Amino acid sequence: MDSTMTAPPVAIAAGGAVTALGLGRKPLEQAVLANASGLRDCPRLAGKGFQSTVGGYVPDEVWRSLRERDPAHADAPAFLLADAALREALADFSSGGREVLPVSPTAREASCESGVLDAVPASRRGLVLSTTKANITALEAALDHRPGSVTARRHLFPALLAADLAAAHGVAGPAQCVSIACVSGLLAIQQGALLIQDDKADLVFVVGVDLFSDFVLSGFTVLKSLDPVGCRPFDTERKGLSLGEGAGAVVLARRETLPSLALRVTGWGSSNDANHLTGPSRDGSGLALAMNRALQKAGVAPRAIDFVHAHGTGTNYNDAMEGMALRSVFQADVPPYCSSKGLLGHTLGAAGLLETLVCLIAARHQLLPGTPGLRTPDPSVPDSLLQKPRPAQSLRRLLKLNAGFGGVNAALVLEWGGG
Amino acid sequence: MSQFAVLAASFMGAEGCGNDLTRLRPWPAPVAEALERGEFEALRWRALFRSEASRFGRMDLLSRLGLMAVELLDASFDTMEPSRRDAVGVCVETRFGCTAADVLFLQTPMAGAFACTLPSTVLGEICIRHRFRGPVLCVLPVSGRGGSLEIATGWLHRGEADACLCVACDLMDKRFAASMLSPHDAPGEAWQSCAVWIGRPTGAGREHPLGSDSLPRLARSLVASGVPARNPGAGVS
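As given, the protein sequences belong to chains H and Z, one line each in that order.
No gaps in the numbering here: position 394 of the first sequence is 376 in the working numbering, and each next residue is one more.
Numbers in the working numbering are just positions in the second sequence, counted from 1, shifted up by 8.
In case anyone wonders, no lab produced these hints; they're calculated from the structure.
All figures in this text were calculated on a predicted structure; none of them were measured in a lab.
Ideal Cβ positions, reconstructed from N, Cα and C, are used throughout, including at glycine.
The reader is advised that the hints may include incorrect statements.
Covered, in the sense of this in silico footprint (three residues per stretch, anywhere, with C-beta under 8 Å from a C-beta of chain Z), are these stretches of chain H [stated by the list, open to error]:
no. : region
1   : 157 to 165
2   : 384 to 393
One-sided excerpt, in silico: chain Z residues whose CB lies under 8 Å from chain H [claimed, not checked]:
no. : residue
3   : V111
4   : L112
5   : T116
6   : L126
7   : R141
Extracted from the complex, chain H is given alone in its bound form:
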């Protein structure tokens, strides 16, 4: 029944990012290696009554450079971020993915000379956008009777933002827009991989974006879910999450078209807790279902997983639930696991993409990333929690997890290797 057993393997060919750490993947990579945090106090939020003014927001100088580069979208920040992340991913892909994949000089030369991106017709390029609130700042402006461009208002609607990103990047093939809370990013990667496996596209650009908006800050303030001092995932003193903003992009392609080592997307699974709209199931059974589905799809046993990149928001309920889900799937042998929410904040629709890029960095460096913000590990969660980065003996199979409002859960199995 499962046609993916014979479907072509799909891999991440290139990546791009804009985060609280700066423009591009490089600052993200440096922070992962150093276990640094991009969270900081945001002066513009002072006096607005939010539960916390700490977050992972994109620095002002990055915004300035993005607006100078593309003044037509100056008041369409979701487009600016997504576009910048995609540009980096596509430049990376066109140059043979040298920043993402440690390819041999010969292979890199070959891909540069052949102009791999230009060689793929627009009709065979696909795009999947992941976002929860798109250009929500346009709605805030409209209701405040502040001026806004037609484009900014248009991008309030995620499908129209996806259409404009596709047009801007020469995509005439299938375009999709996934918006399913905080699992949007992982399910967008899943959808991108399926477009290639189903032979609807040769290349798929998957991009996730969300903004550090007053709208979302207000929402998590009224839910009393923000940690005033910054999130502390899996910590005994954790008080809630920190919001972030940014964009992450990956280019997906058939594995056989890529040189040397690559990070393959080998399994995926999703589920619903069928339990509560804003809280996770207390026993972790929904996330465990998604994990088991992803492992089954990848055709691997739990013991084959070398590392888990957890959702790890820093809320009491999420982290406790995740600990139980990990124990349910891995029993007593929970692999080393970490959270990047203290690195970037919770970037919502971008989280799945950006955290997959963290997995890529980890695989490339054969490093187990740490958990920025974690001081005192909660004794109730599995003790394989990674507080600080450390070298991996062999990092081949990675499991990426996310969960979100509406009881949704998602898991992705990624495999690093050659051939």
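Chain H is fixed; fit chain Z onto it per the hints.
Chain Z alone, transformed into the frame defined by chain H:
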């Protein structure tokens, strides 16, 4: 697999509501008039169904529309074995998402209102009500492609689900749409909601080719014409 089997279909819109057994029935005059004025609170659960829906009054309007379309299927989900609910996929599509809930939250920032500010909130409500724990996805179709029927058919084909619920719902204030969107982008219909319950092809004459129709158009035509050999609860037990 480029086909799926339709087990049941429902549709709600300005013209009325119904499923493939009852066919499309016009709204009672007071409801129709209220809907014409954009007063969607007029869509009360008890006016259409005998069952209970304790959370209905607390839901945002988009979730109410989606949940009503699923209930309208008359598919007897309540008799489904618990183990089978883990193999039910739910895919929601919405063109304009939760902008009505977004506006409401900005005007009245309360926790209950914030919980509804995701296009996928309706999916969560459906899964909570019917205890569905299979694969899930919420998409906002771009250029009419990549909709829920295609996604759900893929789940069936790859063995990721045994049956799927595809739901499309939209609700947009026309004045708000006009203020935010160009005439080209603004929705033609202010609101509609529909659901189609599908399974793998069985040769029972309920097969439909993928890609010939959008979900709302398919649901509308099935409700108008009926699903062959359809029984209440078909495909559930």
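Cross-check of the supplied hints:
Evaluation of the coverage hint for the region 157 to 165 of chain H: fulfilled, as 7 residues show C-beta separations to chain Z shorter than 8 Å, against a requirement of three. Remark: the region 384 to 393 of chain H is confirmed as covered by chain Z, as 4 of its residues place a Cβ nearer than 8 Å to a Cβ of that chain, reaching the required three. Against a cut-off of 8 Å between C-beta atoms, the interface hint on Z:V111 holds, since the closest Cβ of chain H lies about 7 Å away. Interface hint status for Z:L112: violated, as the beta-carbon distance to the closest one in chain H is roughly 11 Å, over 8 Å.
The closest approach between the C-beta of Z:T116 and any C-beta of chain H is roughly 10 Å, which is over the 8 Å cut-off, so the hint fails. Interface hint at Z:L126: satisfied, since its Cβ lies 5 Å from the closest Cβ of chain H, which is below the 8 Å cut-off. The closest approach between the C-beta of Z:R141 and any C-beta of chain H is roughly 5 Å, which is under the 8 Å cut-off, so the hint is satisfied.
Checked against the numbered hints above, the structure breaks hints 4 and 5 and satisfies the rest.
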